[in-house]
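Reassemble the complex: the two chains are provided individually, in unrelated frames, and hints are given to aid placement.
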Amino acid sequence: MIEKVVTIINKAGMHTRPASNLVKIASKYKADFFIIKNGYSINGKSIIGVMTLAAEQGSKLTLKFDGADEELAAKEMIKFFEDGFGEL
Amino acid sequence: MLKPEQIFKGIAASKGISVGKPFVYRAEVPSYKVDVLPSSVISVENEINDYNLAVKQSIKELNKIFSLAQEKLDEKNLQIFEAQLSFLNDEFFHNKIKDRISRESKQAFVVFKEEIQILENAIVSSADEYIRERVNDIEELKNRVLRNLLKGRLVSKITENSIVIAKNLSPSDTILFSSRNLLGIATDLGGINSHVALISRALRIPAVVAMHDISLNITNDDFLIIDGYKGLVIKNPHEQTIEYYGKQIEKNREIERKLEELEKLPSETKDGKSVKLSTNLEFNNEVDYVVTHFGCDVGLYRTEHLFMEEGDFPDEESQYIQYRFLAEHIYPKSVTIRTFDIGGDKILPDSQKESNPFLGWRGIRICLDKKEIFLTQLRAILRASSGGNLKIMLPMISGIEEVKKSLELIEKAKGQLKERNQKFDEKIEVGVMIEVPSAVLLAEEIGKFVDFFSIGTNDLVQYTLAVDRDSSLVHELYEKFHPAVLRMIDMTVKAAKKNNIHVSVCGEMASDQYASLLLVGLGITELSVISLSYLQIKKLIRLINYSDAQKVAEKVVKLKSINEVKEYIEDCFKKYIGEKIA
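Those protein sequence lines, which keep their order, are chains A and B. So that you can map any letter, position 6 of the first sequence is 6 in the working numbering, and since no number is skipped, the others follow by simple counting. So that you can map any letter, position 33 of the second sequence is 33 in the working numbering, and since no number is skipped, the others follow by simple counting.
With the rest of the complex left out, here is chain B (with noise of 0.2 Å):
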């Protein structure tokens, strides 16, 4: 009999169109649902090594997350994880679960969960309220170390070519699936601007996000097509449904074909205005592609999954190795590297997490305050830029004095460096994202100080409006084109030509077809885009004229209302471009 076709409706976040099998990632839910082997294809050996590897790398993690959070965490957090890490370091423990992994030729992970069960039943049964609340702490150390046990198993199971519904994808989940060949991902969770939706638009793959529960109604055993056009799901779609979406996927491809034909053309309006246009990278896969087919500058290279991988800040050496990687395959074109950008929930421990992470120890703030890692980054590109075309970039800056002192720490990595005699670009450019309010304000004044600014349009849209871009409750509020953002920009572009640097805009926005036409009107120098946007963000270009962009952001800007700058800009683009180039 036929399966009964399903269409489930989220919020469309990366373009494309794919057919195939679901693969269903259940990450959150410590109850992994992996096989109960029979005792005999299990290899005692492999278990136990499997289970030294998930107890170094807990361990690992908890002391990364301790080194960091030291000063942050109050006395009784500081002890919760303490006893965390103590947990992790009883040989007892350990040798009583290897010892049981052998003699009953179990898999790692049952004997953990049962010992571990053993552990909690004999808390909760306490008359003491305060220690059976203590199997809250055994319960966060459980999913650690449970995590670490079945990822490399979850990881490899994932079948190439399939897609991923998940509840949700947390950044180090994304990064591990961005190793393998996906048609595409669809959560239960997330907004437009998520970490899944960024990385899906990265790695080119359809992406449908914020579908309520859709992880709860596929099983690995449906037929799906994904639609990141229109954000919709299909489950064991009919045929004449499957056939609508062959044609749809053939049209798509016609268009990326004639869009490839722009690759050669120079970035330029109409009246001969050439427009600087770069691309986002954050993957090393994706540099191959960039160089054939674009042969532009890397205008944001994000640091922070390198956090991420590593699980722990990587080494001087190792980020080296990246930057100079990036530095000599996009020679002779340049990569602006941003600084670590990390928020300080990926870091602190659940207890201790901010209840607005937002407003909290986050980029340039975590630099500042653990200056050795930042040191460590700062000598890393700083070496990989000998040849040149390397560019730095402050997130999260504020004020003056987090650009003062990140100077003042980038002079004294290049003090070491002079001191170890190595190399380096002594003229290396040093910029600023500006994406908070207070550095828009300030930009004049910041602008004597720096070589260029890079406006962060998500971050700077958020921090404006007060809107969660994550939020599913507020995220209609997350507007754009909203007057507040646009005079933001409009801010920053005059106080950058005041001081004679360059401006970019490396945010979403960038890559919007009715705002980048604003964008080069307002006097943005270089838009980078995510390289999913690149040919169609040339294509506008070449189809407007300087001229009528500026007419259009010189009245924009008086604008008072969101629909009126909506409408307005609906107009003009009917107007002059007059073709919708989707």
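Chain A with its partners taken away, still in its complex shape (with noise of 0.2 Å):
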């Protein structure tokens, strides 16, 4: 299992399009993906749970993967969050 704090870094924050965006690359891996915020956690493959989320910039979230491939899913992931969605 990997464990990872990221911080949400583009303006808009965690909206629906990269909530999207989100949950098509954690979908491409078979690894388990949850995604913790202020102890609530939620399925990062459910588009709904990453919305549920509503991670405004400067937010912290502890992604956690679990699975045969999860340290490609997690640097995939982890990318998607340093470049800021691509929003920057």
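Just to be clear, a hint being listed does not mean it is correct.
Unchecked claim - Examples of chain B residues toward chain A, derived with CB under 10 Å:
1) A83
2) S86
3) N89
4) E91
5) F93
6) K96
7) D99
8) E114
9) I116
10) N121
11) A122
12) V124
13) S125
14) S126
15) R132
Claimed, not checked - Computed far set for chain A versus chain B, every beta-carbon distance over 10 Å:
16) I47
17) A68
18) E76
19) K79
Hints listed in this document are in silico derivations from the structure and should not be mistaken for laboratory results. All C-beta atoms, glycine included, are put in the ideal place defined by N, C-alpha and C.
Written as structure tokens, this is what we have:
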């Protein structure tokens, strides 16, 4: 299992489009993917779950990957966060 | 204690009087008044099944909009759309809901609403305004799923023989209702030519529109009289009122009976000039009535409802079956099929709605953009035409290019059928609707390419006078007796004569007793009227002399103001017809 804390850096935060792309990325991998915010955990392969986080710029999230391809999944996902969802 | 009688006034949209219980329909409020049932009577299996179907239908709707509107949407809207679709494809969310339904024995719509509420609360609590605004996307999605979840339920709840009361009815609502036996329809909004009005007249049920807030003042426990002549709805009528209306209904039956005597008589003027009278038709359940009572041509068969009912453009086979059904039932008479005349407002998502749909992406414009949809429809019509009694009519034509492109596509469709070795009527007639002023001005040129004109007066009035016929603020300016409109019709007839082709009128104007006198005089060769007015118009035609009508028409096109026209026509009516045939 891999755990990593990330920060949302793009201005608009986790709105519909990044949420949708995030789910697309997560769904490519077999590994389970959970996002934890303020102790609240959601399934990262569910767009509605991700939207429920309502994470704005500056929010700190814990990403949890668990499964055979967790390293690849974590690598791509963390890069997605670091790139500000491609909205910088 | 007796409930007090209350009278509500609106605009009379479809003739007739009915007495009965109301069914108050609140489609536009997402908080449907559906009873929350105790868990003991809930079938978990049915609820889950309903939920799956509603999601499936919502996905289908969104895909349809998506496939049609893709090129018309900007980047931002496209994403909102994709996001909505991905919400609907979120299996985790669906599983959570289905899991809760079975664990808590709750109805699907209750659980769905609760879960969406949780999502909305979370989003609203965000400090970021942009994220908070995303609630609107979710709201649109919620309403779509809820509507699909509750649609079947709502319609099955409509008691037969009730008077439907609603704020407004969308075309798809009215289509749902058309399959039930209704006594009448009254709505807060709408105008005399709105969809509700058109459908009520087609179904021969009384309707009153523009009643402002009747939907808030009637409950299902009331008792009503709807008067589609005077535009009234009477709530909890006194005994004397009921008695009065009882007599009125008797009287009307008598009038109907007398009119029926006209069924077998020819449609010709007193001086022997035959005027072709045909009918507009929209629903299959009108077919029998038309065949047995009138035995006439169908001058306008609208195909939009095929699209509305299916929630998608129907495929070639199902369209073929429908057109074949008409062709066979109406045979040996003919059916003029108008190709899809859908407004962009019916298929574009809310966020992409044009501010001016009547001047936007609609009718032939959509068909020429979406050639596959158009070709599919054309092939279906052509295949059904092998008996030789179908005609094709193109809506919303505004110039020569559209005519040429359409004709090319018709030829292409024919070619495709030849390749498949399928039969069709090689000489099928193709005509155009004349309803845009530019088409009137170019009618002489357009006439060289087509076999007939059909004047769509509703749109012609609206486009000539720049008046939205559904706007309650300006609908008084919507005036078919405007001299400009009459001159437009005159020009069209003359252009048709020069090209030696037929010209009919298929709009509401043909069904107006004053106007029909004029139209005959102007040289219109065919009137296609709603079935409700068919016999009355025939009666009128049989009362006039063609030579008189010609004189009237000749004078009328020279008049300059609406009032002059109206006064003159009323005078002539008195002079030549003498009695008002209401």
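Notebook entry, point to check: For I47(A), is the shortest beta carbon distance to chain B beyond 10 Å?
Noted result: violated, 5 Å
Next item on the list: Return the status of the interface hint for A83(B): holds when the least beta-carbon distance to chain A is below 10 Å, violated otherwise.
Entry: holds, 4 Å
Item checked: Assertion that E76(A) lies farther than 10 Å from chain B (Cβ) -> holds, 18 Å
Note to self: Can you verify the interface hint for I116(B): is its Cβ closer than 10 Å to any Cβ in chain A?
What the structure shows: OK, holds: I116(B) within 10 Å of chain A, min 9 Å.
Check: When the nearest CB of chain A is found for S125(B), is that gap smaller than 10 Å?
Finding: Since chain A brings a Cβ to about 6 Å from S125(B), closer than 10 Å, the hint holds.
Checklist line | Per-residue hint verdict: A122(B), partner chain A, C-beta under 10 Å | finding: holds, 4 Å
Check: Regarding the hint that E91(B) lies at the interface with chain A, is the smallest CB-CB distance below 10 Å?
Finding: holds, 8 Å
Note to self: Confirm or reject: A68(A) is not an interface residue toward chain B, with every Cβ-Cβ distance exceeding 10 Å.
What the structure shows: Consistent with the label, A68(A) stays out of reach of chain B, its closest Cβ about 20 Å off (over 10 Å).
Margin query: Given a cut of 10 Å on the nearest C-beta pair, is the interface hint for F93(B) held or broken against chain A?
Written below: Constraint on F93(B) satisfied, holds at 4 Å.
Notebook entry, point to check: Should the interface hint for V124(B) be scored as holding, given a Cβ-Cβ cut-off of 10 Å against chain A?
Noted result: holds, 8 Å
Check: Does D99(B) pass the interface hint, meaning its C-beta sits closer than 10 Å to a C-beta of chain A?
Finding: violated, 13 Å
Notebook entry, point to check: Does the CB of R132(B) sit less than 10 Å away from some CB of chain A?
Noted result: Given a least distance of 8 Å, the restraint on R132(B) holds.
Checked against the numbered hints given earlier, this structure breaks hints 7, 8, 16; the rest are met.
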